[in-house]
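J.: The primary structure of each chain is shown beneath.
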Amino acid sequence: QSVLTQPPSASGTPGQRVTISCSGSNSNIGNNYVYWYQQLPGTAPKLLIYRDNQRPSGVPDRFSGSKSGTSASLAISGLRSEDEADYYCAAWDDTLSRPGGLFGGGTKLTVL
Amino acid sequence: VQLVESGGGLVKPGGSLRLSCAASGFTFSTYSMHWVRQAPGMGLEWVSSISAGSSYIFYADSLKGRFTISRDNAKNSLYLQMDSLRAEDTALYYCARELSTAHYAMDVWGQGTTVTVSS
Chain L
1 QSVLTQPPSA SGTPGQRVTI SCSGSNSNIG NNYVYWYQQL PGTAPKLLIY
51 RDNQRPSGVP DRFSGSKSGT SASLAISGLR SEDEADYYCA AWDDTLSRPG
101 GLFGGGTKLT VL
Chain B
113 VQLVESGGGL VKPGGSLRLS CAASGFTFST YSMHWVRQAP GMGLEWVSSI
163 SAGSSYIFYA DSLKGRFTIS RDNAKNSLYL QMDSLRAEDT ALYYCARELS
213 TAHYAMDVWG QGTTVTVSS
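If you read the sequences in order, they're chains L and B. Taking our numbering, the leading residue of the first sequence gets 1, the next gets one more, and so forth. Taking our numbering, the leading residue of the second sequence gets 113, the next gets one more, and so forth.
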């Protein structure tokens with residue numbers, strides 16, 4: 001079970017707006033940046049959002065990130081069929097005993 | 113900009129493997145690097161990271177000291193020495209570059225190398 005909690009699945013129809021949540025704690029999301037990755041079937045993950053809400057060049061502005069306290073969200077507007085993928089949130093964890101990286105369990109997005 | 117992993121394969125429980133990641137197209141020596149793994153049909157799991165000059169090294173708690181990350185900046189290469197391998201280490205192992213302006217943001221990924229631990 002991941003320390004960062006995501007819903008296992010989400011769905012929407014083309015053109016809709018969908019959001020994916022990610023819940024953590026003070027030692028990770030509450031005190032560090034959140035990142036979002038998209039993984040298309042059979043491919044390596046791709047960085048979608050960094051520093052909570054920044055998009056790397058080339059990522060459409062249909063993708064947006066937000067954070068409040070110990071939770072974060074990824075929003076996808078104008079849903080398209082090619083958005084069907086697995087989405088992962090990530091954050092560094094400052095646990096004193098062993099700091100390290102965390103990923104959420106992933107959310108499988110289906111475009112109906 | 114490219115990362116190419118190698119060194120995966122089939123190994124018996126208790127055995128060892130050394131993964132390599134060859135970097136090209138960027139100044140490898142100025143970037144922190146990570147290993148991330150993905151078990152079959154499962155999600156991503158962060159494994160380890162190493163800073164540009166090897167001063168800062170971190171490991172996932174679940175590894176319990178069995179893995180060692182290292183790098184050779186002269187050879188533009190990242191390594192992961194895996195010892196005392198277990199069935200649960202079976203996964204696709206990715207190396208990834210950390211974005212220079214955002215700690216733990218991985219902006220370039222390799223295609224992965226598969227490790228299978230089985231008798």
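Calculated directly from the structure, the hints in this document are not laboratory data. These numbers were taken from a predicted model, which means no experiment stands behind them. Backbone N, C-alpha and C fix where the C-beta goes; we use that ideal spot for every residue, glycine too. Any given hint could turn out to be false.
Unchecked claim - If you want the ones that stay clear, here's a sample from chain B, every Cβ over 10 Å from chain L, calculated:
no., residue
1, V123
2, W158
3, T202
4, H215
To be verified - Simulated DEER-style distance windows between Cβ atoms:
no., chain 1, residue 1, chain 2, residue 2, range
5, B, Q193, L, P99, 32 to 42 Å
6, L, R80, B, S231, 25 to 35 Å
7, B, G127, L, R17, 21 to 31 Å
8, L, R17, B, R178, 25 to 35 Å
9, B, T213, L, P8, 26 to 36 Å
10, B, E200, L, P99, 19 to 29 Å
11, B, S196, L, R80, 42 to 52 Å
12, L, T43, B, G165, 37 to 47 Å
13, L, N31, B, S212, 35 to 45 Å
14, B, A134, L, P8, 28 to 38 Å
15, B, V116, L, P41, 40 to 50 Å
J.: Checked against the structure, which of the hints given earlier come out wrong?
T.: Going through the list in order, the structure violates hints 2, 4, 5, 6, 7, 8, 12, 13 and 15 and respects the others.
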